[in-house]
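Protein sequence lines, in the order shown, are assigned to chains A and B. Counted from 1, the first sequence has number 1156 at position 54 by the working numbering; the numbering is strictly sequential. Counted from 1, the second sequence has number 1153 at position 51 by the working numbering; the numbering is strictly sequential.
The set of hints was computed from the structure by calculation and includes no laboratory data. Even for Gly, the Cβ is constructed at its ideal location relative to N, Cα and C. Misleading hints may appear alongside valid ones.
If the Cβ cut is set under 7 Å, some of the chain B residues that face chain A in the computed set are [to be verified]:
hint, residue
1, 1211
2, 1242
3, 1245
4, 1261
5, 1263
6, 1264
7, 1267
8, 1271
9, 1283
10, 1286
11, 1287
In silico EDC-like cross-links for lysine to aspartate or glutamate, where the CA-CA straight-line distance does not exceed 20 Å [unchecked claim]:
hint, chain 1, residue 1, chain 2, residue 2
12, A, 1137, B, 1160
13, B, 1137, B, 1205
14, A, 1137, A, 1160
15, B, 1137, A, 1136
16, A, 1137, A, 1178
17, B, 1137, A, 1160
Sample of chain B residues at the chain A side, in silico, Cβ under 8 Å [stated by the list, open to error]:
hint, residue
18, 1225
19, 1227
20, 1256
21, 1257
22, 1270
Chain residues, written in single-letter form:
2 protein chains.
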Amino acid sequence: MSIHPALTRPGGRSSRVLNAIYASVGELVGEGADKITFPVIAERAGINPTTLYRRWGDVAELLEEVAVAALTREGESAPDTGSLASDLGEWATIIVRDITRPERTRYLRAMVATRSGILTHCAVTDARREQASEMVRRAADRGETTPTVQQILDHIIAPLYYHVVFALQVDEDHARRLVDDVLTMAR
Amino acid sequence: MSIHPALTRPGGRSSRVLNAIYASVGELVGEGADKITFPVIAERAGINPTTLYRRWGDVAELLEEVAVAALTREGESAPDTGSLASDLGEWATIIVRDITRPERTRYLRAMVATRSGILTHCAVTDARREQASEMVRRAADRGETTPTVQQILDHIIAPLYYHVVFALQVDEDHARRLVDDVLTMAR
DNA sequence: TGCTTAAAGCCCAGATAATTGCTTTTACAA
DNA sequence: TTGTAAAAGCAATTATCTGGGCTTTAAGCA
């Protein structure tokens, strides 16, 4: 399966090249390279820089494309432990572990830096909103009193991402405290 | 008054040049220029690029310095209206108005993008923490039940900044809702 | 007033990035 | 098969960045 957008001619070489490009960018971002330019990417991917200049006008565009691919993998479903409290606790922990990984942090920041990244941001945050709704729906079905989805996003997701992006302290204890705070609101 | 860091020889030319540089960067960031390089900055500031290469090794460093100067102006004190509820409401409104201004948003994003920006981030967030403590202290003196400073930061500041940085919807209604949520926690 | 010296300017060369016209490859379909 | 056109490669050119050596300016001080 290919992660990248539809091509008019998706098979063979184009696909191979595109995968090499994505991988190359991924590596560079992962290792925190400070000079991410088309020539550098091209060399590592073993392809010609011209290809990059033609397909994407600007490094930022490519970067964003790769970031969105990396940050919006499918298949992440919300925990289902039987109570909203522990669902949220587990969920928050997973998220903390995910976004504090250095390359994730870099992707997040790179994404923020690109000015055109509105679509990207939506893609990323929508996934979280889905998961939150899922958990809230299940809790409501069980008859639990729940906070709103918006409250969960505002008071768990936002602080976590905020801390990561602004290089502040985040850990699982903090995540748990956020969950407690949100649950307080539901009562 | 100069906003920039101490120089061994603060008067006259150096100062003039530095102000020109800061102004130049400010303009470029403000108008959303996509190519912010030393030569570009230098030309607009009417100075020599060499100066920039010598004083700052990297555009990111200069950008960060300007961002921190722009984002941490002194003299912003917390509202004092007589109750924590309205203090927070007013405070949140002020912050929303501030950070949704296009050039502010760009500064925030630029700051995030620089990898070395940890000091910057602290400077910015510390100011908010100060203000929050101030309001909480006054409320406590009046005998009000208050949320913790950390809760205020996590549940008002973080969501607001998060929304701005990730290009999500923010408005004063939203800010008010966040304040309500935080006050709920105090009870 | 002149001296001293940090800081800015100037010139310039080497390196790297961005562009462009043309050629070659090759996936897809008739 | 074979035709065809999209996509990648190549090579040559241009633009731009980067930074060093040296000169000039001017702030602060004796």
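Chain A contact restraint on residue 1283 of chain B - CB to CB distance below 7 Å: With a closest approach of 6 Å, the residue 1283 of chain B hint holds.
Supplied contact hint for residue 1261 of chain B, tested at 7 Å Cβ to chain A: Cβ of residue 1261 of chain B sits 4 Å from chain A, so the hint holds.
Restraint check, 7 Å cut-off on beta carbons, for residue 1263 of chain B near chain A: This interface hint holds because 6 Å falls under the 7 Å limit.
20 Å limit on alpha-carbon distance, applied to hinted pair residue 1137 of chain A and residue 1178 of chain A: 32 Å, violated
Interface hint status, residue 1287 of chain B versus chain A (Cβ within 7 Å): 5 Å, holds
Restraint satisfaction for residue 1242 of chain B [CB to CB of chain A, less than 7 Å]: 19 Å, violated
Hint validity - residue 1245 of chain B Cβ closer than 7 Å to any chain A Cβ: 21 Å, violated
When the least beta-carbon distance from residue 1225 of chain B to chain A is tested against 8 Å, hint result: The hint is violated - residue 1225 of chain B has no Cβ within 8 Å of chain A, the shortest such distance being about 11 Å.
Given pair status - residue 1205 of chain B, residue 1137 of chain B, alpha carbons within 20 Å: Holds, at about 16 Å.
Interface hint for residue 1267 of chain B, Cβ within 7 Å of any Cβ on chain A: Holds. Min distance 5 Å.
Given hint residue 1227 of chain B near chain A, where the shortest CB pair must fall under 8 Å: 7 Å, holds
Agreement of hint residue 1271 of chain B with chain A interface, Cβ distance less than 7 Å: With a closest approach of 11 Å, the residue 1271 of chain B hint is violated.
In summary, the structure is inconsistent with hints 2, 3, 8, 16 and 18 from the numbered list given earlier, while agreeing with the others.
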